[in-house]
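Top line first, the protein sequences correspond to chains A and B.
Residue 50 in the working numbering sits at position 50 of the first sequence; the count goes up by one each step and never skips.
Residue 46 in the working numbering sits at position 46 of the second sequence; the count goes up by one each step and never skips.
Don't read these hints as lab results, they were simulated from the structure.
Bear in mind that the values here come from a model prediction, so they are computed numbers and not experimental data.
You can take every hint at face value.
Anything over 10 angstroms on all C-beta distances counts as not near chain A; from chain B, calculated:
hint: 1; residue: N13
hint: 2; residue: E27
hint: 3; residue: K125
hint: 4; residue: R143
hint: 5; residue: G148
hint: 6; residue: S178
hint: 7; residue: T222
hint: 8; residue: A230
hint: 9; residue: A237
hint: 10; residue: Y245
hint: 11; residue: G254
Straight-line Cα separation of at most 20 angstroms, SDA-like style, residue types lysine to any residue; simulated pairs:
hint: 12; chain 1: B; residue 1: K68; chain 2: A; residue 2: R30
hint: 13; chain 1: A; residue 1: K4; chain 2: B; residue 2: N49
hint: 14; chain 1: A; residue 1: K4; chain 2: B; residue 2: R47
hint: 15; chain 1: A; residue 1: K42; chain 2: B; residue 2: E91
hint: 16; chain 1: A; residue 1: K42; chain 2: B; residue 2: V94
hint: 17; chain 1: A; residue 1: K15; chain 2: B; residue 2: I50
hint: 18; chain 1: B; residue 1: K66; chain 2: A; residue 2: G29
hint: 19; chain 1: A; residue 1: K42; chain 2: B; residue 2: R87
hint: 20; chain 1: A; residue 1: K10; chain 2: B; residue 2: D52
hint: 21; chain 1: A; residue 1: K42; chain 2: B; residue 2: S95
hint: 22; chain 1: A; residue 1: K42; chain 2: B; residue 2: E126
hint: 23; chain 1: A; residue 1: K42; chain 2: B; residue 2: P64
hint: 24; chain 1: A; residue 1: K41; chain 2: B; residue 2: E91
hint: 25; chain 1: A; residue 1: K42; chain 2: B; residue 2: I50
hint: 26; chain 1: A; residue 1: K42; chain 2: B; residue 2: N57
hint: 27; chain 1: A; residue 1: K10; chain 2: B; residue 2: I50
hint: 28; chain 1: B; residue 1: K125; chain 2: A; residue 2: N38
hint: 29; chain 1: A; residue 1: K10; chain 2: B; residue 2: N49
hint: 30; chain 1: A; residue 1: K41; chain 2: B; residue 2: D96
hint: 31; chain 1: A; residue 1: K42; chain 2: B; residue 2: L59
hint: 32; chain 1: A; residue 1: K41; chain 2: B; residue 2: S95
hint: 33; chain 1: B; residue 1: K66; chain 2: A; residue 2: R30
hint: 34; chain 1: A; residue 1: K10; chain 2: B; residue 2: R47
hint: 35; chain 1: A; residue 1: K42; chain 2: B; residue 2: R47
hint: 36; chain 1: A; residue 1: K41; chain 2: B; residue 2: E126
hint: 37; chain 1: A; residue 1: K10; chain 2: B; residue 2: T51
hint: 38; chain 1: A; residue 1: K42; chain 2: A; residue 2: D19
hint: 39; chain 1: A; residue 1: K41; chain 2: B; residue 2: D81
hint: 40; chain 1: A; residue 1: K4; chain 2: B; residue 2: D52
Don't be surprised by glycine CBs; every beta carbon is placed ideally from N, CA and C.
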Amino acid sequence: MRVKINGEDKDTSAKTIADLLEELEIVPGRVAVEVNYNVIKKADYNNFRLKECDIVEIVYFVGGGDKDFKF
Amino acid sequence: MEDKLIISGIEFNSRLWVGTGKYKDFEETAKVIEASGADVVTVAVRRVNITDRKSANLLDYIDPSKYKILPNTAGCYTVEDALRYSRLAREAGVSDMVKLEVIGDEKTLFPDVIGLLKATEILAKEGFLVFPYTNDDPIMAKRLEDAGAVAVMPLGAPIGSGLGIRNPYNIKIILEASKVPVIVDAGVGTASDSTIAMELGCDAVLINTAIAGAKDPVAMATAMKHAVIAGRMAYRAGRIQKRLYATASSPLEGML
Numbered sequence: 001m002r003v004k005i006n007g008e009d010k011d012t013s014a015k016t017i018a019d020l021l022e023e024l025e026i027v028p029g030r031v032a033v034e035v036n037y038n039v040i041k042k043a044d045y046n047n048f049r050l051k052e053c054d055i056v057e058i059v060y061f062v063g064g065g066d067k068d069f070k071f
Numbered sequence: 001m002e003d004k005l006i007i008s009g010i011e012f013n014s015r016l017w018v019g020t021g022k023y024k025d026f027e028e029t030a031k032v033i034e035a036s037g038a039d040v041v042t043v044a045v046r047r048v049n050i051t052d053r054k055s056a057n058l059l060d061y062i063d064p065s066k067y068k069i070l071p072n073t074a075g076c077y078t079v080e081d082a083l084r085y086s087r088l089a090r091e092a093g094v095s096d097m098v099k100l101e102v103i104g105d106e107k108t109l110f111p112d113v114i115g116l117l118k119a120t121e122i123l124a125k126e127g128f129l130v131f132p133y134t135n136d137d138p139i140m141a142k143r144l145e146d147a148g149a150v151a152v153m154p155l156g157a158p159i160g161s162g163l164g165i166r167n168p169y170n171i172k173i174i175l176e177a178s179k180v181p182v183i184v185d186a187g188v189g190t191a192s193d194s195t196i197a198m199e200l201g202c203d204a205v206l207i208n209t210a211i212a213g214a215k216d217p218v219a220m221a222t223a224m225k226h227a228v229i230a231g232r233m234a235y236r237a238g239r240i241q242k243r244l245y246a247t248a249s250s251p252l253e254g255m256l
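With the rest of the complex left out, here is chain A (with noise of 0.2 angstroms):
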């Protein structure tokens, strides 16, 4: 399945959120996922269901606030 992730185009096998940060070895603690414009809360990490050309987009803090990138 094809989704784009953070601006990119990826192939993934995960089913679900949870699934996908695991694939990509992102700790779900820190972070913030958004699929389609739409934030996920961490309770439905696991129940979440990918679907082909989903948008999303997992966010991080960082040293704030510089005018660097932005999505």
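Model the placement of chain B on the given structure of chain A, informed by the hints.
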């Protein structure tokens, strides 16, 4: 006497708040925060690098159990973007606090106060504790308070400019009218600027560039810590009136 800053039931141990941008690395960021004595640190929300997962995490250096993490919406120019970043920040973090920025112009980084007011209204209704970065405009400060802001954060001068408190009289009027805490955001250039803000009666000062851009950031963080404490103490002590002519300090009685 206890002089704690309390906002929406949250106790703050320091009246100096610091930003975490523009440092050379996380070690320096951590040292500066330690030296500043701040317990609130602002952070930005950005994409995780999904191709290089080895990069260090800011929160490995700033323990969220020790510091209050205040995410900002820096870089947001529209209400929609500011809402989006705020909602993501809440999910990524541990609190409902957001330092709301809706920027109006890239050159000045002045806030777009119309957008700011709209975003404040919406986020306050969603249960956010909104700290809006606003202009030194007393009417707008009042409108933001009415819209549900838990504090107002007027600028002293443009972000990163180091011009100090350019309109102390406006800040004074904001302070007189405001029922919520007033925190000067942006504009501080050196220690005396922080002291001036605190002497006016501001509840806290937020500093990033003045510390990060100093030749010795750790030393400047220490200076700012003392400057904020001095300004607050002077405010509470109550300064003397300014007079045009001298008033003698030593008695005239007993002179030869």
